[in-house]
Amino acid sequence: MTKRIPEPTLPPRERAFLVGVEIYQEKNLLSLEDSLAELTLLADTAGLDIVGEMTQKIDRPNPETYIGSGKVEELKALAEETLAQVVIFDNELNPRHQRELELLLGDKVRVLDRTALILDIFAQHAHTSEGMLQVELAQYEYYLPRLTRQWTHLARQGGGGGGRSGSVGGVGLRGPGETQLEVDRRQIREKISHLKKELEKVRAHRERYRAQRKRSRIPTVAVVGYTNAGKSTLLNRLARADVYAANQLFATLDPTTRRVEMSGGHAALFTDTVGFIQKLPTTLVAAFRATLEEITEADLLLHVVDISHPNAMAQFQSVQQTLEEIGAKHIPVMTALNKIDRLKDPAAAQAVLENYPQAVAISAKQGLGLGELMARVGAELYETYTPISLWLPYQQGQLLSLFHEAGQVEKIEHGRGGVLIAGRIPGRLVAQFKEYQANHPPKEPEEQDSHEL
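So the sequence shown is residues 2 to 454, counted in my numbering.
Think of the hints as simulated: they come from the structure by calculation, not from any bench. Misleading hints may appear alongside valid ones.
Stated by the list, open to error - Restricting the straight-line Cα-Cα distance to at most 27 Å, the calculated cross-link-like pairs of lysine-lysine (DSSO-like) are:
no., residue 1, residue 2
1, K192, K202
2, K58, K72
3, K280, K345
4, K28, K72
5, K366, K58
6, K412, K435
7, K345, K28
8, K197, K109
9, K72, K109
10, K435, K28
11, K330, K345
12, K280, K72
13, K192, K330
14, K366, K412
15, K345, K366
16, K77, K109
Unchecked claim - Computed spacing ranges between beta-carbons, pair by pair:
no., residue 1, residue 2, range
17, E326, G398, 25 to 35 Å
18, E34, K412, 32 to 42 Å
19, E27, L354, 39 to 49 Å
20, M263, Q399, 16 to 26 Å
21, M263, E411, 19 to 29 Å
22, G398, D60, 33 to 43 Å
23, E93, P13, 27 to 37 Å
24, E436, E34, 41 to 51 Å
25, E436, E93, 19 to 29 Å
26, E326, E201, 18 to 28 Å
27, E373, R343, 46 to 56 Å
28, G53, I327, 51 to 61 Å
29, R187, R425, 33 to 43 Å
Keep in mind that this is a model prediction, so the values were computed, not measured. Where is the CB? At the ideal position from N, CA and C, for every residue including glycine.
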């Protein structure tokens with residue numbers, strides 16, 4: 002007799018009710034409906050079942066409950082009717098909003114905002130020690146001002162740190178008159194300080210690694226884009242690699258660098274980076290500083306856009322805003338309009354190329370347009386020269402050597418303290434010389450040896 006082994010059953014998904022609010026004076030790239038649709042995808046990625054949604058347009062948030070009192074009553078009735086276990090706002094709530102809403106909605110309903118939801122997804126998807134540290138820091142900094150007597154949920158939830166945050170509620174010695182809540186807050190601040198020190202070590206390690214890469218003279222390309230635009234799929238195709246790629250939001254958190262061989266015997270290092278999203282939490286941007294520096298130190302940004310998405314331009318603009326915020330605006334950008342295989346008419350992508358900087362229509366999944374894309378990338382890295390004038394102190398001899406090796410020197414003046422040099426250099430190198438750009442020395446040198454080349 003054959004005994005059938007029952008299949009393992011997954012725990013039931015929590016029931017979530019979504020709330021979208023539009024504030025008239027705020028400018029958002031996505032409409033209220035589109036932003037709420039994106040929140041639905043985020044909630045599904047986090048493992049939640051959506052049981053309903055509600056929207057409201059207001060002049061300004063209610064200081065106590067964010068939405069109006071009448072809407073709170075309506076939300077409570079809908080949450081009870083749908084048996085919702087969690088209510089998620091598409092906006093970031095301050096601690097007071099969250100506390101008041103949880104009191105009014107009752108003990109059976111938790112209240113989260115978009116930031117908390119994204120943090121939860123990041124915690125699920127972080128797999129390396131660096132990613133876990135970054136997510137854990139972001140979670141602690143988010144929850145610290147929201148800490149109440151119900152602090153124990155933080156210990157159960159944990160960060161991406163493999164149980165490290167279970168120490169939040171650990172027993173500690175109290176000072177005179179110190180309440181348990183004060184102990185908890187002090188312990189979290191100490192944990193935040195420790196995590197920042199650990200991440201500073203990660204940052205220093207990455208900086209040494211980048212310096213080593215620069216000495217190798219191999220240019221770097223940071224692959225950026227909105228979450229689920231197809232960055233990992235593109236890197237896998239170009240480098241014949243096996244970076245994890247899935248049709249979901251934030252499938253990849255940890256940066257992955259692969260060497261890609263190009264025509265003419267050249268090569269470049271392509272780095273797949275964390276996907277962006279509108280309303281990206283500031284706590285995440287700060288916590289992922291070490292990772293985002295991979296973008297700010299790149300020679301070229303390859304911005305991947307899902308051209309099949311109805312809000313492709315809004316997503317593009319959202320990423321561009323974030324790149325500007327993290328200090329990457331000065332780096333040359335090339336755009337890959339991806340997923341043309343999903344369009345009813347793939348040729349339609351050609352009609353919008355002019356709306357994006359240096360754009361090429363491709364399908365990373367099917368390999369369409371990649372030849373043209375790589376030819377354009379190669380030209381940008383190795384053939385496109387930019388005119389530039391610099392004042393280089395003599396201490397920057399390495400940069401002076403780089404200019405002579407990779408650039409075309411047209412004029413050079415040796416003065417006291419440094420060299421005034423003008424000419425043309427590959428576009429990918431402009432960022433390395435940015436702080437030394439000048440048309441004249443900081444002060445007139447006493448002696449000069451000037452000659453034209």
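Quick rundown of the hints versus the structure:
Between K192 and K202 the alpha-carbon distance is near 16 Å, which keeps this suggested pair within the 27 Å criterion. Taking the CA atoms of K58 and K72, the gap is near 11 Å; set against the 27 Å cutoff, the hint holds. Pair hint K280 plus K345 does not hold up; C-alpha atoms about 31 Å apart against a cutoff of 27 Å. Between K28 and K72 the alpha-carbon distance is near 23 Å, which keeps this suggested pair within the 27 Å criterion.
Between the alpha carbons of K366 and K58 the distance comes to roughly 40 Å, so the proposed pair goes past 27 Å and is violated. Our distance criterion of 27 Å between C-alpha atoms is met by K412 and K435, whose separation comes to about 18 Å. Distance check on the hinted pair: K345 and K28 sit about 32 Å apart at the alpha-carbon level, beyond 27 Å; violated. Proposed proximity of K197 and K109 is contradicted: the alpha carbons are some 35 Å apart, above 27 Å.
For the proposed pair K72 and K109, the alpha carbon gap of about 19 Å is at most 27 Å, so the pair holds. Distance check on the hinted pair: K435 and K28 sit about 32 Å apart at the alpha-carbon level, beyond 27 Å; violated. Taking the CA atoms of K330 and K345, the gap is near 34 Å; set against the 27 Å cutoff, the hint is violated. For the given pair, K280 sits about 24 Å from K72 by alpha-carbon distance, which is consistent with the 27 Å threshold.
Of the pairs offered as hints, the one joining K192 and K330 is violated, with about 33 Å between alpha carbons and a cut-off of 27 Å exceeded. The hinted pair formed by K366 and K412 fails the criterion: a straight-line CA distance of about 47 Å is larger than 27 Å. For the proposed pair K345 and K366, the alpha carbon gap of about 16 Å is at most 27 Å, so the pair holds. With a C-alpha separation of about 11 Å, the suggested pair K77 and K109 falls inside the 27 Å cut-off, and the hint holds.
The hinted window of 25 to 35 Å between E326 and G398 holds, with their beta carbons roughly 34 Å apart. In this structure the hint that E34 and K412 lie 32 to 42 Å apart at CB is violated, the actual value being about 58 Å. For the hinted restraint 39 to 49 Å between E27 and L354, the CB-CB distance of approximately 31 Å leaves it violated. Between M263 and Q399 the C-beta distance comes to about 25 Å, which sits within the given range of 16 to 26 Å.
As the Cβ distance of M263 to E411 is approximately 28 Å, the hint placing it in 19 to 29 Å holds. Distance hint check: the CB atoms of G398 and D60 are about 60 Å apart, inconsistent with the given range 33 to 43 Å. In this structure the supplied range 27 to 37 Å holds for E93 paired with P13, their Cβ-Cβ distance being about 28 Å. Between E436 and E34 the beta carbon distance is about 45 Å. The supplied range of 41 to 51 Å therefore holds.
At about 35 Å, the beta-carbon gap between E436 and E93 misses the expected band of 19 to 29 Å. In this structure the hint that E326 and E201 lie 18 to 28 Å apart at CB holds, the actual value being about 21 Å. Remark: the range hint 46 to 56 Å for E373 to R343 is contradicted by a beta-carbon distance near 19 Å. The hinted window of 51 to 61 Å between G53 and I327 is violated, with their beta carbons roughly 36 Å apart.
For R187 and R425, the hinted distance range of 33 to 43 Å is not satisfied, since their beta carbons lie about 57 Å from each other.
Hints 3, 5, 7, 8, 10, 11, 13, 14, 18, 19, 22, 25, 27, 28, 29 from the earlier list are contradicted by this structure; the remaining hints agree with it.
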